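Asks: Here is what each chain is made of, one letter per residue.
Number of protein chains: 2
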Amino acid sequence: MKYLMCLRYVGTNFCGSQIQPSVRTVQGVLNDAFEALFGVRCMVTSCSRTDSGVHANGATLTVALPDGTLPIPPERLPIAVMPHLPPDVGVYGATAVPDSFHVRHDAQGKEYVYLLYNSPVRNPFYENRAWFYPRPIDGEGLERMKEAAGHLLGTHDFAALMAQGSPVATTVRTLQGLRVLREGELIRFEVEADGFLYNMVRIIVGTLVEVAAGRISPEEIPDILASCDRTRAGMTAPPEGLYLNRVFYTK
Amino acid sequence: MKYLMCLRYVGTNFCGSQIQPSVRTVQGVLNDAFEALFGVRCMVTSCSRTDSGVHANGATLTVALPDGTLPIPPERLPIAVMPHLPPDVGVYGATAVPDSFHVRHDAQGKEYVYLLYNSPVRNPFYENRAWFYPRPIDGEGLERMKEAAGHLLGTHDFAALMAQGSPVATTVRTLQGLRVLREGELIRFEVEADGFLYNMVRIIVGTLVEVAAGRISPEEIPDILASCDRTRAGMTAPPEGLYLNRVFYTK
Numbered sequence: 001m002k003y004l005m006c007l008r009y010v011g012t013n014f015c016g017s018q019i020q021p022s023v024r025t026v027q028g029v030l031n032d033a034f035e036a037l038f039g040v041r042c043m044v045t046s047c048s049r050t051d052s053g054v055h056a057n058g059a060t061l062t063v064a065l066p067d068g069t070l071p072i073p074p075e076r077l078p079i080a081v082m083p084h085l086p087p088d089v090g091v092y093g094a095t096a097v098p099d100s101f102h103v104r105h106d107a108q109g110k111e112y113v114y115l116l117y118n119s120p121v122r123n124p125f126y127e128n129r130a131w132f133y134p135r136p137i138d139g140e141g142l143e144r145m146k147e148a149a150g151h152l153l154g155t156h157d158f159a160a161l162m163a164q165g166s167p168v169a170t171t172v173r174t175l176q177g178l179r180v181l182r183e184g185e186l187i188r189f190e191v192e193a194d195g196f197l198y199n200m201v202r203i204i205v206g207t208l209v210e211v212a213a214g215r216i217s218p219e220e221i222p223d224i225l226a227s228c229d230r231t232r233a234g235m236t237a238p239p240e241g242l243y244l245n246r247v248f249y250t251k
Numbered sequence: 001m002k003y004l005m006c007l008r009y010v011g012t013n014f015c016g017s018q019i020q021p022s023v024r025t026v027q028g029v030l031n032d033a034f035e036a037l038f039g040v041r042c043m044v045t046s047c048s049r050t051d052s053g054v055h056a057n058g059a060t061l062t063v064a065l066p067d068g069t070l071p072i073p074p075e076r077l078p079i080a081v082m083p084h085l086p087p088d089v090g091v092y093g094a095t096a097v098p099d100s101f102h103v104r105h106d107a108q109g110k111e112y113v114y115l116l117y118n119s120p121v122r123n124p125f126y127e128n129r130a131w132f133y134p135r136p137i138d139g140e141g142l143e144r145m146k147e148a149a150g151h152l153l154g155t156h157d158f159a160a161l162m163a164q165g166s167p168v169a170t171t172v173r174t175l176q177g178l179r180v181l182r183e184g185e186l187i188r189f190e191v192e193a194d195g196f197l198y199n200m201v202r203i204i205v206g207t208l209v210e211v212a213a214g215r216i217s218p219e220e221i222p223d224i225l226a227s228c229d230r231t232r233a234g235m236t237a238p239p240e241g242l243y244l245n246r247v248f249y250t251k
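Read top to bottom, the protein sequences are chains R and F.
Take the first sequence: its position 142, counting from 1, is numbered 142 in the numbering used here, and each next residue is one higher.
Take the second sequence: its position 72, counting from 1, is numbered 72 in the numbering used here, and each next residue is one higher.
I should point out that these hints are in silico values taken from the structure, not numbers from a laboratory.
Treat the hints loosely; a few may be bogus.
A partial selection of chain F residues facing chain R, derived with a Cβ cut-off under 8 Å [what the hints assert, rightly or not]: (1) CYS6; (2) ARG8; (3) TYR9; (4) VAL10; (5) ILE79; (6) ALA80; (7) MET82; (8) PRO87; (9) VAL89; (10) GLY90; (11) PRO120; (12) ASN123; (13) PRO124; (14) GLU127; (15) TYR133.
All values derive from a computational prediction rather than experimental measurement.
Backbone N, C-alpha and C fix where the C-beta goes; we use that ideal spot for every residue, glycine too.
Using the sequences and the hints, build the whole thing.
Replies: Written out as structure tokens, the structure reads:
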């Protein structure tokens, strides 16, 4: 029996999602919760790894039960496991999937959201949940970010927008969506792609913010992409604004 | 020199807003922050007291400087005091007001917001920030709440919707607004009045939720108000969903 479900967590008090000895990780918490529920160690697999401080609204995971384990109907699973999870982790929307399903290899794409809080003073409700960026971004800056975003859309080699030294077979990705929206004092970036390189969303956001600030012009974006040179793109935006929002699978 | 400004705080880690010895309170934190900034104890006065766990998005306070204290321009004050405040408290929108201005007595009304998270499973992002209420509230339940809200609007004796034993000169208040909105899995209550009795918003929300659940009918509301009997109204909703959102002053 194998379940697919969605995962939420507030990343603030985790040392990232991937299991490591003697630190608190999302994977470690999930392993323990499903073991407590089913009375046996299960195979828990996540759609991706996130860094310390990064959040998830709609990550995915699969739980495979060892043969002979008494299953729970999928629709009951999120409620059943809830008492075994800490308050900063939750699961929802469980379904049964074939044993051949792979939560990472079968993913067709992902959507990340990045929140930036743009105000001269901090807002306690966004502490650790958005990037506090006090320098004003006006309507013109927002338009420049949207123009730069247009240059990033499509299929490109994104090596310039990847943390240096990350081993990967290819750095070509297809960016299907990159929306920049202002909602009061929040600026919301929605980024959808068939896959993401290490730190890619945070470097995209950091680059767009430097475009808003006038340190990079929107017209430079194609050159920066073509250069494959990380030093030409903008800074890496901090982790606390980043949310893994959705993972797409074909039906 | 007297300043009026708006105040935000996440109430989770405070023993309420009013100062008490040897516990952490919002008032205590503000007293210390302004003393650190101006180098002298200032007279810090808040618009109202809130209970442990209750939040504020737009409370108000005044800070009166002792004669001879070097003032700071009002527009600079929120930024200047920020380094002296903990991450769960912030101020914004400061203006200079006459010495005769009183932040509590001159208030014409207030708006509270109450958030209820209505889903079978907890959402970590609303932990301590909304009432987790797993029993489904459907469209019909929402309509019943709106109907009941209509009966609460206007000028009434709200004694039935006040925590018992609260000393107060009169229990008559005018409810100018009571909106019930669904935003996905959140139900948002917006409550505006010329003044509020102790626990009044939480008892209004608790009563409306019992209306949604069918334990109280909307038509009973006028009788409950007329009875002035706290035991006839609904439960007191928990503090973590409550936000003091705005305080109104005449210009």
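Asks: Hint by hint, note whether the structure agrees.
Replies: Going through the hints against the structure:
no.	hint	verdict
1	CYS6	10 Å, violated
2	ARG8	5 Å, holds
3	TYR9	6 Å, holds
4	VAL10	5 Å, holds
5	ILE79	6 Å, holds
6	ALA80	10 Å, violated
7	MET82	6 Å, holds
8	PRO87	5 Å, holds
9	VAL89	6 Å, holds
10	GLY90	5 Å, holds
11	PRO120	6 Å, holds
12	ASN123	6 Å, holds
13	PRO124	5 Å, holds
14	GLU127	5 Å, holds
15	TYR133	14 Å, violated
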